[in-house]
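Number of protein chains: 2
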Amino acid sequence: MSEHLDYTLFYWPEILGRGEFVRLCFEASGVEYKEQNDVAELSKLLSNKEVAGIAAPHFAVPVLGVRVVGDAASASKKARVDTAADVKDGGKTHYISQTPVILSFLAPRLGLLGDAEKLEGLERDVAVAQIQQLCATALDLNNETHDTHHPISVSSYYEDQQEEAKKRAADFRTNRLPKFLQVFEVALRDNGAGPDQKTQGASRMWASRTTVADLTVFQVVDGLQFAFPRCMQKLKQGGKYNHVFQLHDQIKQELKEYLESDRRLPYSNGVFRHYPELDQDE
Amino acid sequence: MSEHLDYTLFYWPEILGRGEFVRLCFEASGVEYKEQNDVAELSKLLSNKEVAGIAAPHFAVPVLGVRVVGDAASASKKARVDTAADVKDGGKTHYISQTPVILSFLAPRLGLLGDAEKLEGLERDVAVAQIQQLCATALDLNNETHDTHHPISVSSYYEDQQEEAKKRAADFRTNRLPKFLQVFEVALRDNGAGPDQKTQGASRMWASRTTVADLTVFQVVDGLQFAFPRCMQKLKQGGKYNHVFQLHDQIKQELKEYLESDRRLPYSNGVFRHYPELDQDE
Chain H
1 MSEHLDYTLF YWPEILGRGE FVRLCFEASG VEYKEQNDVA ELSKLLSNKE VAGIAAPHFA
61 VPVLGVRVVG DAASASKKAR VDTAADVKDG GKTHYISQTP VILSFLAPRL GLLGDAEKLE
121 GLERDVAVAQ IQQLCATALD LNNETHDTHH PISVSSYYED QQEEAKKRAA DFRTNRLPKF
181 LQVFEVALRD NGAGPDQKTQ GASRMWASRT TVADLTVFQV VDGLQFAFPR CMQKLKQGGK
241 YNHVFQLHDQ IKQELKEYLE SDRRLPYSNG VFRHYPELDQ DE
Chain L
1 MSEHLDYTLF YWPEILGRGE FVRLCFEASG VEYKEQNDVA ELSKLLSNKE VAGIAAPHFA
61 VPVLGVRVVG DAASASKKAR VDTAADVKDG GKTHYISQTP VILSFLAPRL GLLGDAEKLE
121 GLERDVAVAQ IQQLCATALD LNNETHDTHH PISVSSYYED QQEEAKKRAA DFRTNRLPKF
181 LQVFEVALRD NGAGPDQKTQ GASRMWASRT TVADLTVFQV VDGLQFAFPR CMQKLKQGGK
241 YNHVFQLHDQ IKQELKEYLE SDRRLPYSNG VFRHYPELDQ DE
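Chains H and L, in that order, are what the protein sequence lines are.
With UniProt numbering as the guide, the letters of the first sequence map in order to residues 1 to 282.
With UniProt numbering as the guide, the letters of the second sequence map in order to residues 1 to 282.
Don't read these hints as lab results, they were simulated from the structure.
Watch out, some of these pointers could steer you wrong.
Intra- or inter-copy, both count: the list cannot distinguish identical chains.
[As the list claims (entries may be wrong)] Using 30 angstroms as the maximum straight-line C-alpha spacing, the simulated BS3-like pairs for lysine-lysine come out as follows:
#, residue 1, residue 2
1, Lys34, Lys234
2, Lys179, Lys167
3, Lys166, Lys179
4, Lys240, Lys44
5, Lys236, Lys252
6, Lys179, Lys34
7, Lys44, Lys166
8, Lys236, Lys44
9, Lys179, Lys44
10, Lys252, Lys240
11, Lys179, Lys240
12, Lys234, Lys166
13, Lys167, Lys256
As the structure is a computational prediction, the values presented were derived from the model and not from experiment.
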C-alpha cells in the first residue's frame, strides 16, 4: 500500500492489557507509532462526545488513531478536511477500536499476513479470514482469562468475588484452557498449508511465516505463564502442546530486543494477574 | 465481486445462537445459503481431524463453508484441486469460523456495508473497520448476555451456578447493558457520517443505509427483549436509548417476511434465555 500513515495507540498507562496485542504488531514489524496514555485524553475519547472525526463510538480502549501524512495527505485533503488543524497537520485522524478489528486493519499494512500475502482474490480473502479467526480465538482466551479473576463484575474488586473466581478458574484450568491450546496446537502442527505445501523449519499458526496470529497467541501464552505458572508448567510437561510452547519460545526470541527493553511493561493489574489461589485447588 | 459462491452455514440444530447473526446477513440480502445442522457432521468439523481443506482449526460453530461455483470454479480448479469430489462439484470448499470474522467476510459480498461501499482506499478501509468495530461491540454484548446465566462454567448446568448468575445478571443489568446501549445510541444519533453529510430519515449504525452492524445490533436487542423483558422495558421507558429501540423496530419491519416464517427459530436454550430471577432482584 502506498499510503503513509501516522499511528497513535490510545491505551491506559502502565498496563500491558489489550494494548499489548497492538504494540506487538508495531514492534515486530519495526513500524513507528506513538502512544497516548493520558487518562484525561482517553476519557475524552471514550466519552464519545465532541471529538471531531469519530464516526463510530468506542466502548473501550485500545483505540487506534490513524492519520495520513506526506504526499498521500495532499490527496486526502481534497476529499475530506474537517478542521483547520487537520489541514495544518496533514490528513484527518480516523479512530478505530476493538482489538481484533485494529489487528485486522494493521496486519496487511505492517506485513503481518505472512504467506497469505502471496495469494490473490478469494484465496487471499479466505486466508486473511482464517488468520483473523485464529487471532479472534486467542483474544477469546484472553477474555476468558480476565473473567477468571472477575467472574461477576468488572467494576468490583477481585476480593469481593474471590470465591466465584476460584470456581471459574478451576473450570478454566480444567476445561477451557486445554480446549484453546488444542486449537493452536492443531494449527501449528498442520502448519496452515495443505500437505503438498508442507514447509520445513518454523511452524506458524498459518503456514510458515510469522503473522499477527502468532504474535497474538504468543502474548496470551506468555501472560498465562505469568498468571497460571503452575498450571501452565503442568500442561507443558504433559507434552500435548509442544508446538504451542515452541512457538512461544521462538517468538520470544524474535522479539528479544523489545521484550528486554523498558518499552515492555511488566505484568501487573491487567488481564494477566497472578493469584496463587486461582492457579491451583486448595 | 465477480465470483459466484456457494455458502453453507454449519451450526447446531434448533437454536438461534450465534448462527443467527450469519443467517440474518443472508436473509437481509436475499442471497441463498444452505445449512448443515447434523451433529455428527458438526462434530467431525470441530474435531479438526481428517477434514480436507481446513487450513485453520475451529474452536466452535458457526463455521461458514464457501465454495466457488460456475465459471469462477474453472479458474479455481487450475490453482487448487484437492479431491476428485472437488472437481465434480466445482471448487474447493474453504471453512471460516468465528462469528465476527464470518460477518466481515460476508458483508462486502452480500451488500451489507451500506454507504461505506461508495468510498475508496483508506477511507473505505477505515469505514469497514468502524462497521466491524460496531459489530464486535454488539457481539461482546451477546457474549456477556450468555455469561449472565453461565458465569462460572459453560459445561455445567445453569441450576448449578444460579446464585452466581443472579449476581452477575444484577451487574449486567445495572452497569454493562446501559454502557453498551449508550454506544449504539451515540452511533445512531450521530449517524456515522460527519456533520456535513448528515442524512435525513433512517438512522443506521454507520451512516444511513443498513449494514451488518445494524443487523447484529438488532438481533442482540431482540434477544435481550426476550431474555430480560422487564429490564429492557424499563430501559425503553427511560427514553435514553430511543434510537436503539427505533432501529430494532425498523429492522424488524425490514425482515418481517423472514421473522414471521418458520425459518426463524424460536428463542430456547441458546444465548438468550428467559430466567425471571435474572431479570430482576428478588
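My question is about lysine 166 and lysine 179: at a cut-off of 30 angstroms on alpha-carbon distance, are they close within one copy, between copies, both, or neither?
both (19 angstroms within a copy, 27 angstroms between copies)
Given a CA cutoff of 30 angstroms, do lysine 179 and lysine 34 count as a within-copy pair, a between-copy pair, both, or neither?
between (36 angstroms within a copy, 28 angstroms between copies)
Between lysine 236 and lysine 44, at a C-alpha cutoff of 30 angstroms, which is it: within one copy, between copies, both, or neither?
The answer is between: 27 angstroms across copies meets 30 angstroms, while 44 angstroms in one copy does not.
Given identical chains, is lysine 240 near lysine 44, meaning Cα to Cα at most 30 angstroms, within a copy, between copies, both, or neither?
Between copies only: 20 angstroms across chains, 47 angstroms inside a chain, cut-off 30 angstroms.
Checking an output row: lysine 179 and lysine 240, CA cutoff 30 angstroms. Within, between, both or neither?
within (11 angstroms within a copy, 41 angstroms between copies)
At 30 angstroms max between alpha carbons, let me know whether lysine 44 reaches lysine 166 within a copy, between copies, both or neither.
Neither: 36 angstroms inside a copy, 33 angstroms across copies.
Since the copies are identical, ignore which copy is meant and state whether lysine 236 and lysine 252 lie within 30 angstroms (CA to CA) inside a copy, between copies, both or neither.
within (16 angstroms within a copy, 50 angstroms between copies)
Taking 30 angstroms as the upper bound on the Cα-Cα distance, should lysine 252 and lysine 240 be classified as within, between, both, or neither?
Close inside one copy (20 angstroms), not across copies (48 angstroms); limit 30 angstroms.
Homomeric proximity label, lysine 34 with lysine 234: Cα distance no greater than 30 angstroms:
Classified as neither; 39 angstroms inside a copy, 43 angstroms across copies.
Given a CA cutoff of 30 angstroms, do lysine 179 and lysine 167 count as a within-copy pair, a between-copy pair, both, or neither?
Classified as both; 18 angstroms inside a copy, 27 angstroms across copies.
Within, between, both or neither: lysine 234, lysine 166 at alpha-carbon 30 angstroms
within (19 angstroms within a copy, 34 angstroms between copies)
Can you give me the call for lysine 167 and lysine 256, within, between, both or neither, at a CA distance of at most 30 angstroms?
neither (36 angstroms within a copy, 43 angstroms between copies)
Hints 1, 7 and 13, counting from the list given before, are not met by this structure.
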